[in-house]
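**Student:** Chain residues, written in single-letter form:
Protein chains: 2
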Amino acid sequence: MENLNSGVTTEVEIERVKEQHRSKEKDLLIREIPLTIFLNEQEFVTLFCSPQKLDCLAVGFLHLAGLLHGKDDLKEIRVERKKGMVFIKTGVSAGQIEKISEKKTGISRGERETSSVRDLNFLPGRENRADISPLGASLQVKAGELFELMASLLKASSLFKATGGVHSAALARPDKILFLSEDIGRHNAIDKIVGESILKNIFLSDKILLSSGRISSEVVLKGAKVGLPMIISHSAPTSLSVELAEKAGITLVGFVRGRRLNIYTHADRVVF
Amino acid sequence: MENLNSGVTTEVEIERVKEQHRSKEKDLLIREIPLTIFLNEQEFVTLFCSPQKLDCLAVGFLHLAGLLHGKDDLKEIRVERKKGMVFIKTGVSAGQIEKISEKKTGISRGERETSSVRDLNFLPGRENRADISPLGASLQVKAGELFELMASLLKASSLFKATGGVHSAALARPDKILFLSEDIGRHNAIDKIVGESILKNIFLSDKILLSSGRISSEVVLKGAKVGLPMIISHSAPTSLSVELAEKAGITLVGFVRGRRLNIYTHADRVVF
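From first to last, the protein sequence lines are chains A and B.
Each residue of the first sequence is one higher than the one before, counting from 13 in the numbering used here.
Each residue of the second sequence is one higher than the one before, counting from 13 in the numbering used here.
Just so you know, these hints were derived from the structure itself, not from any lab.
One or more hints might be untrue.
Repeated chains share a single entry, so a pair holds when one copy, or any two copies, can fit it.
List time: in silico DSBU-like cross-link candidates among lysine-lysine, alpha-carbon distance up to 30 Å [claimed, not checked]:
#	residue 1	residue 2
1	K30	K95
2	K83	K38
3	K38	K101
4	K154	K95
5	K212	K95
6	K87	K154
7	K111	K101
8	K36	K111
Keep in mind that this is a model prediction, so the values were computed, not measured.
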């Protein structure tokens with residue numbers, strides 16, 4: 013495994029002002045890099061991200077875009093860290109890529125929410141199926157376990173957060189965190205978790221997604237796409253994320269802080 | 013002007029857990045809505061945002077995408093709040109829309125950074141011009157003024173922030189904030205500022221952009237596109253945002269907290 017701190021920050025010279033005093037000092041900046049994903053030898057998209065777990069990010073991004081179904085689909089993955097490039101080969105046809113790309117509007121939207129609410133009706137494998145089992149029907153988690161999980165996430169990412177403005181996410185079982193990710197982007201952090209799950213062949217329907225950040229509709233849509241039954245956050249959900257979680261059968265828990273939490277939807281998965 | 017609190021939040025019933033105690037309570041959620049922008053009678057993009065200043069958001073978004081040059085370009089704007097739709101007519105041709113859309117990769121990227129670093133070479137009106145004046149050559153701001161501006165931003169948005177997870181941005185002169193915006197998305201908040209500047213015909217080359225949130229490369233690219241000479245934030249910049257600000261001639265100031273701040277680039281605009 014790579015050293016978690018390698019390349020996370022970079023040193024620059026800044027001018028620090030305190031009251032009337034001004035001085036030149038060294039400061040640490042959180043690194044942001046452009047990562048270009050090449051899909052089947054075509055340049056596909058450039059994301060701006062923190063330079064860790066680039067393979068996970070690319071795999072998670074493509075999976076959530078509907079362009080990589082699972083590990084069996086992944087014919088080749090090659091990361092060129094210094095160039096900021098990931099090359100992925102999958103069985104997806106040029107026609108499918110074109111079709112999926114056309115469904116979305118082709119303008120850069122930056123760091124913002126752009127999925128359609130209608131996406132919920134197109135969850136992979138869930139279309140037109142009345143017989144589908146409820147998501148994570150068997151998952152039961154104690155409130156005390158949720159307190160512990162969130163405390164672990166915040167503790168594990170505290171060093172990284174020292175530079176300010178970093179989001180963390182993790183995949184967990186009720187009793188422990190399986191792995192975590194950190195990124196300048198909330199969505200990148202979650203895509204890295206999804207990608208790592210695929211690369212490790214981990215079944216998500218009985219797992220919990222943890223996030224340090226706000227839960228917007230797009231986070232819930234991602235959870236629904238991969239079949240996660242529970243999303244818990246240190247921060248607040250939005251109104252639309254609560255509506256979508258209700259509809260998707262996801263337990264949404266927010267403001268997990270100390271020995272408190274709020275349950276917004278499907279509260280029956282949280283027990284004592 | 014609309015009441016700033018109308019529709020900002022919505023009430024839901026939640027289950028609150030505190031230690032071993034569990035109770036049903038009412039809670040306020042920050043509202044998130046889908047906003048679909050129709051450009052020249054074609055559905056163009058759906059953004060997820062807070063339901064204020066929707067006209068500003070649509071205008072700012074289209075301007076930053078290169079599809080609306082200024083107020084003269086705007087033939088019609090109609091907001092249908094309840095439907096979550098904005099209809100805009102501009103002089104831009106279908107061919108231009110197509111061309112600009114094709115420059116970007118056509119996959120939803122959610123709340124993440126996706127602009128190309130190469131965008132810096134395509135700043136509107138700055139291509140191939142060696143004779144262009146340096147950005148905001150005349151702007152000089154006292155450090156004390158920056159402390160006051162950030163304090164004003166945080167104070168003005170404190171009520172809204174009570175619900176958690178909201179970003180604020182503002183446009184300012186050295187001596188005062190001109191207007192501010194708040195949104196669940198950092199980029200939406202900035203697009204609203206850009207849009208309001210266009211609708212009010214405000215010249216940006218001697219103004220300051222304030223942000224409560226982290227400064228990533230995409231924020232700096234937006235600032236560069238509209239000719240803003242200074243961006244100040246309560247939070248941290250990333251390494252790439254500092255590189256781009258250096259190149260674009262933008263003064264980047266971070267961690268404006270109390271009577272302290274850090275100047276990352278073009279420090280000569282900050283005086284005592």
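**Student:** For K212 vs K95, is the C-alpha pair at or below 30 Å within one copy, between two copies, both, or neither?
**Tutor:** Within. Shortest intra-copy distance 25 Å satisfies the 30 Å Cα cut-off; inter-copy 43 Å does not.
**Student:** Tell me, please, which holds for K111 and K101 at an alpha-carbon limit of 30 Å: within, between, both or neither?
**Tutor:** both (18 Å within a copy, 28 Å between copies)
**Student:** I want to check one pair: K36 and K111. Are their C-alpha atoms no more than 30 Å apart within a copy, between two copies, both, or neither?
**Tutor:** neither (53 Å within a copy, 46 Å between copies)
**Student:** At most 30 Å between CA atoms: does that hold for K38 and K101 within a copy, between copies, both, or neither?
**Tutor:** Neither: 42 Å inside a chain and 49 Å across chains, both beyond 30 Å.
**Student:** 30 Å Cα cut-off: does K30 pair with K95 within a copy, between copies, both or neither?
**Tutor:** neither (38 Å within a copy, 49 Å between copies)
**Student:** As a check of your reading, is K87 near K154 (CA-CA no more than 30 Å) within one copy, between copies, both or neither?
**Tutor:** Neither way: K87 and K154 sit 40 Å apart in one copy and 57 Å across, limit 30 Å.
**Student:** How would you classify K154 and K95 at a CA-CA limit of 30 Å: within, between, both, or neither?
**Tutor:** Classified as neither: same-chain Cα gap 45 Å, cross-chain 40 Å, threshold 30 Å.
**Student:** At 30 Å max between alpha carbons, let me know whether K83 reaches K38 within a copy, between copies, both or neither.
**Tutor:** neither (44 Å within a copy, 43 Å between copies)
When each numbered hint is compared with the structure, violations occur for hints 1, 2, 3, 4, 6 and 8.
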